Each structure stands twice: as structure tokens, then as C-alpha cells.
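Could you build the full structure based on these sequences and the hints that come with them?
Spelled out from the first residue to the last, the chains are:
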Amino acid sequence: MHRRVLLAAGLSLALAAACHQDELFTPLVPAYAGGALFQRYVSMGNSITMGIQSGGIDDTSQRAAYPVLVAAVMGGDHFYYPSLAEPGCPPRYANIFTGARVGGGTVPTCAFRSAGIPPYISNVAISGAWAIDLLANGPAPGTHSNPLTQLALGGRTQLQAMMAAQPTFVSVWIGNNDLIQAAFANDTLLITDTTAFKTQYRQVLDSIQALGAKALLIGVGTGTLPATIPPFWSRGSTYYGLFVSGAFAPAPFTVLANCAPPRGDSVFVPFPYGLGLIGTAKTGTATTLDCTVPQTIQPASAAKYARIETAYDAFIQSEATARGWAYVSLNATFDSLRTAAPAGSQIAPFPNTNAACSGSPFGLAFSCDGFHPSTASHRLIAKKIVQAINAYYQSAIPAITP
Amino acid sequence: MRRYALSALWLSFAAVPALLAAQGFGIYEQGTCSMGRAGTGVAAPCADGSAMFFNPAGLAGLKGGHATIGMTLINVDGGFTDDIFQRTTDLDDPLLVLPQVYLSYAATPKLGVGVGLFAPYGLETEWPLSFDGRFAGYKNIVGSVYIQPTVAYQVTPWLALGGGLDIVMGKVELNQHLDLAEAPIPPTLLPPPPGSPPYVFGQFGIAPGTDFADAHLEATKTTVTAHWGGIIKVNDKLSIGGRYLMHAKFDYAGTATFTKVPTNLVVPADIIIPSSPPDTIHAGTPVDALLQGLGVFDTLTTQTVSTSITNPEQVVFGLAYKPRSGWTLFGDYQFTRWGKRFWVVNINFQKPVLNRVLYERYQNTNGFRFAAEWAKSAKWTFRGGYLYHQGAAPPETVTPLLPEGNRNEFTGGFTVKLSSNLTGDFAFQYIKQNDRRGRTREPIFNQVPTTGLNNGVYNFHAELFGLSLSYAF
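If you read the sequences in order, they're chains E and F.
Residue 102 in our numbering sits at position 102 of the first sequence, and the numbers go up by one each step.
Residue 545 in our numbering sits at position 143 of the second sequence, and the numbers go up by one each step.
Think of the hints as simulated: they come from the structure by calculation, not from any bench.
Some clues are possibly wrong.
Said to hold, decoys possible - Per the computed footprint, the stretches of chain E lying under chain F, defined by three or more beta-carbons under 8 Å from a beta-carbon of chain F, are:
#: 1; region: 137–143
#: 2; region: 146–158
Said to hold, decoys possible - Partner residues are not named here, just some residues of chain F that face chain E (Cβ under 7 Å, in silico):
#: 3; residue: 517
#: 4; residue: 583
#: 5; residue: 674
#: 6; residue: 685
Claimed, not checked - Here are a few chain F residues that face chain E, going by a calculated C-beta distance under 10 Å:
#: 7; residue: 584
#: 8; residue: 599
#: 9; residue: 602
#: 10; residue: 607
#: 11; residue: 609
#: 12; residue: 610
#: 13; residue: 613
#: 14; residue: 667
#: 15; residue: 671
#: 16; residue: 683
#: 17; residue: 686
#: 18; residue: 689
#: 19; residue: 857
Here the structure is a predicted model, which means the values were calculated and not measured.
Ideal Cβ positions, reconstructed from N, Cα and C, are used throughout, including at glycine.
Okay, structure coming up:
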């Protein structure tokens, strides 16, 4: 049963596709008049930008998303996000290890939008979006639409919704799913070819440029792969170290030596799989973690993800430069969180299965799905974005404090 | 053929230029001579027969007969600039022609009779279909043609009284698109929480401004009212006049027809509806087919519709003073009782779920008119004037149907005697309405509107050119 719950958790996360989040919308500092450049801000992206946290989304997590925080200090027009009524769509996890969700909801639970429909949508990001999904919706081949595509945009694409809002400033953070969904599926063939990625990405940028808007392009990563990887995955060597120390005893759970360092440092075990094995062992059935099985990310695959991430980011940065737009990579920010003291407090090397979501089982930097940034991280992202915008455009958007 | 001719006549009189209507949907441009006087003359109407509108008592004391035919060319410019996108949408109204016909005859030196056709109330607003206000109404007509047989009698050398029985043909037409984002989701599919309004398709993600149906409402009604007037000639220099046009209530009955407008939207993914039991809308389902399947169009069938609209009373007092030979000064005050007559409009459909309540909440209006006239010679008479009047619509009811407001208007004109029997009149009028905040949408679920719904600024000005010929016999 415990294993089923964990598998369900993992599956729902995979469906939510690289994307999620919680907090307040009140301006953090007195709003300033941002001028024509920041008159209307629109954010495009995936689950991170949309505000997914803890495997779900609701108005609370949407309000905590970084674009809302950035818009609050930009001082432009009202920033509208497609507010989802409680308990959400799906509701966020209250305890991912038991499968409990906020309000007692289940994965299929999907509340509709809140009453009061805004005149346009500012945060057009959709959970699970790949680059192609900015341009096309399901059921077109190759797209990855989900119920949120309908509930947030009503059948429009992100590009259409962005253009309908007539923005003066756009942020684009896309590409995470083009890369990481392959990792969820343990199939590097699913990675979006860089040529296709570039074509799709350029098409989005051309449309922004045609509007006469300025932009901020955001690199795909939340950490430099493979050194910094979301805590959804733990290293094989971490499992091995815990095994050797007796942490899993007396459960008949074994970690093979192929998980030991140095090889095990480059093998990544998704927590639904790893904890599933441990859960089964706790019922008395012996299980073994083999760091060569396809359920784990192998060193060669990890290296490929790292190469693709680098290639995506290089392309995005070059496009920003060519178009006279700002660019920011958040990798260094998340890399620093990985090493922040006390060790493992921000990005847990191994989830704390005894903690409910309120206890940040994956560390303070990530929400209760091990993949999507936490409210604190959204605030940090927003700070970095404001700094990047100010640095490039010589603007004076107030800093987000604290 | 006769029916066609009558319809054409009705349209000529009732299809009044968009927004020409003033003080609510009142119209005062009922004669070229009077137009040059800024509509003054209740104490001394023009001699072209237009007295039947400006003061029925004015027919008394006329000599012989008068037949007047004329027209007013109307060029309106106006539009709406929305707050959010700062887009300006201009009115679609073409250059319009408003004809005038008056026929009067002095049966005796004291008794004057006549028949007048005039349209003291009416409006037509036409907006492009790209305008957000199309969901409130993109082509709206409220018109009423008054046919007024009139009798006036010179009771004493200083007192004339007149009155008319008005046969009023009214018509109302409303054309609007329906916004799917505001349309309720059938409660059978998704019941709302107890005490809550139904879910709307906007909560299903449908963006505001998604047209899914066109509605055409049209109704007619003929009713009867009366018009009274009196003129007191205080002395050779000063006259005082007044008139009272009674209200006219129309209990309209007509037809509503609906036409589907394709949304061309497609549901992008399987969606589980949180109904009981849960239902699934499959990826690739056209939204139009979904609406059909949900029975959304079941209520949007051709059906009867009824409503009541009342043209309010007009009370006008004024004076005419001749300070010196050839010169006459005019001053009129007009009160229109909108507050009592145009408060709430209930539009009742055969299928009550469609019933609508429009909270108009018009306020009584005051208008002030001033003019001067100079009879330069037996052949030429020149005139000019100014008028100011209030808008009837309160701040929360400035809508695409009638985005009116306070106005300042300037007029000028002249009369030229072309022959012993033929007189020509020309007049010009410039209307400047104060820019006014308003809204493009009606509140959903028949809620009472507030100024919080106002989402932009309406602007309006117009130029009118009047030309008429009067034949005395």
C-alpha cells in the first residue's frame, strides 16, 4: 500500500511534469512606477512559473509564484494569474509519503477557476509545458496539454494568451520539461532535440519582438547538472552510505556496491522508486537497490542531461543578446543553496520520510514534491530576476526584501 | 407596398443617429428654424409648423397654410477608449438623414389645425463587432414616431392654447453577442455550492470576449398620449410659453432570435468534471460541440419577448423678448422626468431563464436654451443659440446602448424668403458632449451595476446641418 502511494505520488509528479508552489500577494515594498517598459508584465513558462508546489496548485501557491512577486514591485498594471479555487487542481500534498492532499483531495480532484474572471491573463504559464506547448495545444501531436491548459487559458496557447494581454515586458522560462521529462521517464530519447527546441523557442521570441515588448529570458535549470539536481533524486552513493551505516535496518533492504562512490555519485535514484523499495522491505519482503537498473539515471544519461542543459542555456543567452534582452541563469543560485550551511538544509540529499509537507522533507528550497521550488525559493528567484532586470535595463525596480 | 412605405417612414423618423439622443434618449432637432435657435421658442415658435412639437398653441394666429419639408444631415463622431488596453473604438454610425414634415392650416383667424410627425425620443447606436460593448449591444434602436393631430385656439388676444393627440408608434431593437465566459454552466453538469451563483464558463477557462451566440430582439407597440401648450402674450415685446408632453408607455411584445457564433475552440486535454458522478470531457472536443451537448443552446431558440419602456414627460417653459425692432431673444427651460420613467427595464423572455434586468436608474434632467434672432429684412432672418443640458444616465449606467452625458451645443442658422410663398431655412449645430467614464458590459446574473464596472471613457461630438423648405398657401 505504502509503495502504491509512493508510486502514485511519483506518477502524479511526472504528469505534473516539471513544474509547482505558496504565499502572499501583498506588495513586499511600496510599488514604484515602473514606466512604459514595465507597464504590463506577462510571464510564460511551465509549472515553476505557474506556481505549482507540493504536487499541486491552488490560489495560495499561485500567489507565491515568482512572477507575482516580481510584478508586485514592478509597479505596472495589475498582474492577473488564473486563480484556481480551493482545494486546487490537483490539491497540494499535505504529506507526500502518505498521499494525503490538502482538503482531502485526490489526484483527479480539480476545482475550477475562482469566480471573477480577469480581463486578461498575465501569468500564462502552464504546468507541464515544453517549448512546443507555448505554440500549440493538445490534442495536436507532440503537445503536452493537461486540464490546466483549459482552465487557465481556455483552449488558447500561451502565445495567444500572451499576445492578448498586450504586454510591454515578458519573461520566458521554458525548457525544463524538454529536458527533465526524459529523466522522469528514464529515456533520454525523449529529450527535445536542440534544433527543434531552438526553432520553437525562436518562434516565441519572434512573437514577443513583434509586439515591441522587451523580455527577460531565463535559463532552464534550477541548478547546474549533474552537481545540483532537485531532491526528487538522491544519489546512489547516498543510499549506499545510509545502508552501510545501518540506517535501513532491520528492514531487509540492500544497496549493492555499484551504488558506492565514485560511481554511485553519478547515479540518481528517484525517490518514488527508492522509497518504494524501502517500503516494501519494511513489510518483510527483501528488496535491493541496484544502481544499474533503468529506473535510475545512469552516469551517461546524467552527463547527457548536463550537456543539453548547457546547450539550451547557451542558445537562450545568445538569443537574449541578439535581441537586446536580459538573460539570467538561476543555476548558480541553486548551486549555492546546495552548499549552504547547515549541509542539506536547503536541498536534502535524502528525503525525511517522517516529515509532513510542513516539515520540508526535501529541504527548505524545494516544496513537498522534491522538484518544484518552495515559497522561499520563489522569493529568491524573484530577487534574482529583479536584479537581472535592473542590471540589464538600468531600471530601478525596488528590491524584494527580505 | 403600403406596409413597406410605412416602415420606411418609421425608419426615417425613428432611426435617429447614434447618440444624437440627448437628456436620455430625447431628441430636440425637430425643425430647421428651431434648430438654429438652439431649440428655443416655446414662447414664440417658428412659423413653419414645427410649433406642433415646440408648442401646440403656436398654431393659433397663423395665417393660411404651411407645408414644411426638410432634413437634417447628421455626422457623429464618438467612441470608447478602454482603460486596460487604451484601445479606442469608434462608433459605426454612417452619415444620417433625419427628415421633417409639418402641415398646418389656419381654419379661422383664431383656430389653427395641423398634423405633425416628429420623434422626440429615440436612439440608434451602432458599434463594430470588434468592440467589447457588443455584449451589451452593438446595434441598438429605441424609436418612437409621434403623429400628432393638433388644434390651437386664440382664446383672447393675449392667450393661445393648443393641444394634440399623439398616436405613437414605438419600436425597440437590441442586437448583441453573448459572451461564453459569462454564460452559466448548466447546474446539471456542475451544481454550484448551495446559495452560490452558477459557475460560468469563464471558470472553465474561457477567456472574456469569447462570442458564442448572437441575439436579436425586436418588438413594436403603438400607444396614445397627449401634448398641451399655451402662450401668453404679456405685451408687444414679451411672450411667455409653456408646454407639456405627457409620458407614453409602451408594453412592447416581439420576438427574440438567436444565432450561433462558432468559438472554434478545442478542449486541449481530458478534463474530469467534478460533478457527481464525475464526467469526462475528452481532449479534442470542440467547445461548440460541447456547448451543444450540454444543452446551452436549448434555451436560445426563437421565442417571444416583452418589455416595457416609457417615454417620459417633458415640461418646457420659456420666454421670448423683443428688445428692439427686428431682434428677439429667447430663453427656455426644459424638465424631463426620467427618474420616474426609466429606472429598471425588465426584458422577459418566453424562457424565463433568459430574463434580464437592466438597471438604468436615469435621473431627471434639466436643459437650458438661449438664442437670439435678427430679422434683417423681409427676406433674411439670422439666428444663433447655445444650450446646455444634463445627461440622464447616472455614472453607473453609461453604456454602449446610450453613453450620454452633459452637453454644450452651439447653433446658428438663417431663413431666406425665396419667393412670396416659399421660404428656405438652413441651420448648423455643433454638439460637444463631455467625456464621460462608462462601461462596456452589463453585470452578469442581473446584478445591480456600480461604477466599479466602468472600464473606460466615452467621447462624443457631432455636427448637424439642417435644410428645409416651407410653402405658404
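Hint numbers contradicted by this structure: Hints 3 and 13 contradicted; others consistent.
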